[in-house]
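Chemist: Residue strings, one per chain:
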Amino acid sequence: MTFLRRIPWGWLIFIAAFFVPALGSRYYTFLANDVVIWALFATSLNLLVGYTGLVSFGHAAYFGIGAYTTGILMKKAGVTFLLAFPAAGVVAALFAAVFGFFCVRLTRIYFAMLTLACAQIVWAICFKWNEVTGGEQGMPEIPYPSFDWVESVAAWVPGVGGYRTSEYFYFLSLVLVAAALWMLRRITRSPFGRMLTTIRENPERAEFIGVNVRRYELAAFVLAGAFAGLAGGLFGIFNRGVFPDFAYWTKSSEVLIMTLLGGMGTFAGPSVGALVLLWLNQQIVSYTQYWPLILGSILVLLLFVFPGGIAGAVEGLWRWTRRRAHA
Amino acid sequence: MPDPSFVFAQCLSGLTAAMFLFLIASGLSLIFGVLRVLNFAHGTFYMLGAYTTFQIVQWLGTGPGTFWLAALGAAAAVALLGAVVERFLFRHLYGKEELYQLLFTYALVLVLSDVAKIFWGTQQKSVSRPAGLTGSFSLFGATIPYYNLFILLLGPAIALAFWFVLQRTRTGRFIRAAALDRETLGALGVNVNALYTGVFVLASFLGGLGGALVTPVRTIVPGMDTEIIVEAFVVVVIGGLGSFWGTFLGSLIYGQVLSFGILFFPRFSIFSVFALMAAVLVIRPWGLLGRPLK
Numbered sequence: 225m226t227f228l229r230r231i232p233w234g235w236l237i238f239i240a241a242f243f244v245p246a247l248g249s250r251y252y253t254f255l256a257n258d259v260v261i262w263a264l265f266a267t268s269l270n271l272l273v274g275y276t277g278l279v280s281f282g283h284a285a286y287f288g289i290g291a292y293t294t295g296i297l298m299k300k301a302g303v304t305f306l307l308a309f310p311a312a313g314v315v316a317a318l319f320a321a322v323f324g325f326f327c328v329r330l331t332r333i334y335f336a337m338l339t340l341a342c343a344q345i346v347w348a349i350c351f352k353w354n355e356v357t358g359g360e361q362g363m364p365e366i367p368y369p370s371f372d373w374v375e376s377v378a379a380w381v382p383g384v385g386g387y388r389t390s391e392y393f394y395f396l397s398l399v400l401v402a403a404a405l406w407m408l409r410r411i412t413r414s415p416f417g418r419m420l421t422t423i424r425e426n427p428e429r430a431e432f433i434g435v436n437v438r439r440y441e442l443a444a445f446v447l448a449g450a451f452a453g454l455a456g457g458l459f460g461i462f463n464r465g466v467f468p469d470f471a472y473w474t475k476s477s478e479v480l481i482m483t484l485l486g487g488m489g490t491f492a493g494p495s496v497g498a499l500v501l502l503w504l505n506q507q508i509v510s511y512t513q514y515w516p517l518i519l520g521s522i523l524v525l526l527l528f529v530f531p532g533g534i535a536g537a538v539e540g541l542w543r544w545t546r547r548r549a550h551a
Numbered sequence: 129m130p131d132p133s134f135v136f137a138q139c140l141s142g143l144t145a146a147m148f149l150f151l152i153a154s155g156l157s158l159i160f161g162v163l164r165v166l167n168f169a170h171g172t173f174y175m176l177g178a179y180t181t182f183q184i185v186q187w188l189g190t191g192p193g194t195f196w197l198a199a200l201g202a203a204a205a206v207a208l209l210g211a212v213v214e215r216f217l218f219r220h221l222y223g224k225e226e227l228y229q230l231l232f233t234y235a236l237v238l239v240l241s242d243v244a245k246i247f248w249g250t251q252q253k254s255v256s257r258p259a260g261l262t263g264s265f266s267l268f269g270a271t272i273p274y275y276n277l278f279i280l281l282l283g284p285a286i287a288l289a290f291w292f293v294l295q296r297t298r299t300g301r302f303i304r305a306a307a308l309d310r311e312t313l314g315a316l317g318v319n320v321n322a323l324y325t326g327v328f329v330l331a332s333f334l335g336g337l338g339g340a341l342v343t344p345v346r347t348i349v350p351g352m353d354t355e356i357i358v359e360a361f362v363v364v365v366i367g368g369l370g371s372f373w374g375t376f377l378g379s380l381i382y383g384q385v386l387s388f389g390i391l392f393f394p395r396f397s398i399f400s401v402f403a404l405m406a407a408v409l410v411i412r413p414w415g416l417l418g419r420p421l422k
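Protein sequences, first through last, are from chains V and U.
Numbers in this note's numbering are just positions in the first sequence, counted from 1, shifted up by 224.
Numbers in this note's numbering are just positions in the second sequence, counted from 1, shifted up by 128.
Since the hints were derived computationally from the structure, they do not count as laboratory data.
Take these hints with a grain of salt, some might be off.
Now the stretches of chain U that chain V is said to cover, found in silico as 3 or more residues with beta-carbon under 8 Å [as the list claims (entries may be wrong)]: (1) 231 to 237; (2) 354 to 361; (3) 398 to 407.
These numbers were taken from a predicted model, which means no experiment stands behind them.
For glycine and all other residues, C-beta sits at the position ideal for the given N, C-alpha and C.
All chains should be modelled from the sequences, with the hints used to inform the complete structure.
Modeler: Given below as structure tokens:
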């Protein structure tokens with residue numbers, strides 16, 4: 225069964241995802257777009273929680289900052305998406321650098337509390353600064369990026385044009401998220417990424433062998449913040465609006481649940497978690513309004529029965545079948 | 129400069145808010161001090177206390193004394209729920225990673241707040257002030273409802289009772305010992321499991337009582353749980369996680385910062401409390417009166 229491991233799953237899924245709008249249902253495209261963006265958000269958190277062992281309870285702050293940055297630039301300043309999107313990552317990274325500078329000085333529960341406090345500061349600013357953020361009402365009607373150029377290309381290349389704007393935006397998110405995930409993958413496999421794992425396993429020992437643990441943790445914090453910001457930038461446009469609750473602490477728990485559901489410390493886990501959770505959400509919301517009740521029950525089940533999440537369960541099953549095959 | 133009577137009224141309203149917060153935050157701090165767990169569900173216990181009070185008042189009508197009966201009944205019901213949760217679920221997570229414990233308490237928030245929605249819907253509910261405390265009096269030009277005066281007196285009374293139990297009774301000594309070294313205490317023959325359940329029940333009772341007593345002054349709405357828990361976090365972080373008087377001090381600071389913040393910088397009042405929390409965490413992570421964790 226080792227051939228299963230050789231298949232380039234990432235590429236296959238990426239290519240398959242391009243055919244979602246061809247299914248002909250706007251609903252599937254909507255869901256897929258949602259999943260793609262949350263996959264990036266959850267994976268960025270996993271860099272902190274899963275790889276570095278820093279439990280952040282305020283990761284939504286950077287998601288929110290990214291969403292507001294892109295939203296404000298595109299709606300109020302009329303800046304093109306080409307600049308507004310990277311700006312989301314840059315501004316989120318700047319905030320993450322400032323907050324992270326203080327956060328990484330604390331350990332465990334105090335780290336979690338300070339990340340929560342920082343996120344609430346961001347939320348409070350978004351909630352009250354009416355002139356810039358729209359305050360409690362948020363900022364509706366963020367424009368889509370312009371896709372006119374695609375139409376002009378389509379005049380020359382057959383089979384390219386003819387999609388709705390929301391579908392173009394889905395393709396765009398897909399490409400951007402795939403690129404971001406590829407970068408994150410490179411980061412986790414680089415010597416830098418390995419060092420983060422070492423720090424997670426044993427910070428004291430890492431310190432002893434001469435690693436500047438705080439600096440590494442700060443770098444991971446800033447990177448995670450930047451990618452969360454990029455996800456937020458896409459989400460604001462996808463959601464057709466940016467609202468203060470993007471940065472509220474319950475959002476941070478949602479993305480943590482996603483990461484845990486998929487499986488922490490595995491690269492694909494959070495994306496799987498995003499897919500399963502959002503799909504379940506859509507399914508269940510059509511039957512009952514009590515989605516939090518279901519989500520809470522899933523979470524309890526996860527914590528008590530499958531603490532490794534879906535990836536952990538699959539890995540367990542994989543090992544079990546291997547053992548059966550050898551016996 | 130606003131006139132003194134207004135400042136006085138503002139100060140009193142901050143104090144009243146502080147006493148409510150103290151009721152809730154003291155339970156949170158107790159659980160953290162002994163069980164070493166941040167309990168997100170504590171805010172939900174507070175909300176359930178409020179809804180249960182509303183329900184009991186509905187059943188009993190508005191005769192004299194029904195409010196007090198309802199408040200105690202609600203607090204007891206929440207305490208019972210706390211016992212069940214601790215005994216059958218929470219206990220199994222003590223040795224596990226902090227993240228699992230945090231997320232478990234968050235799962236409780238999700239489940240219990242939906243259960244409250246199933247029972248009571250999303251319409252806001254209110255409870256009228258108990259008979260005998262409906263009026264108000266004026267002092268230095270500020271109008272003070274009798275009920276607020278009652279809360280202002282009750283807060284310190286509960287603080288003193290709490291302090292007495294922790295410092296002067298046998299059980300209190302065990303609780304303090306469990307906070308320091310659980311294993312040694314167990315080895316000395318104390319039933320630590322029962323003690324933990326007891327602490328959780330006591331904390332839940334306080335949370336439920338806070339929710340019950342807040343009903344005459346605030347409306348009961350879904351979402352009051354996630355709002356109060358963040359405030360309670362701010363309080364215990366400022367005062368010191370697990371520190372009893374720290375929680376009291378934290379509540380007082382929070383109440384004053386918020387009520388004067390609204391007065392002078394209405395835009396930044398919420399911002400200022402979170403900034404204060406962050407500042408305390410940066411300078412003294414263990415809080416103003418807390419001790420560093422080992």
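Chemist: With reference to the structure, classify each hint as holding or not holding.
Modeler: Going down the list of hints, with the structure as the test:
| no. | hint | in the structure |
| --- | --- | --- |
| 1 | 231 to 237 | holds (count 6) |
| 2 | 354 to 361 | holds (count 3) |
| 3 | 398 to 407 | holds (count 6) |
In this structure, none of the earlier numbered hints is contradicted; all agree with it.
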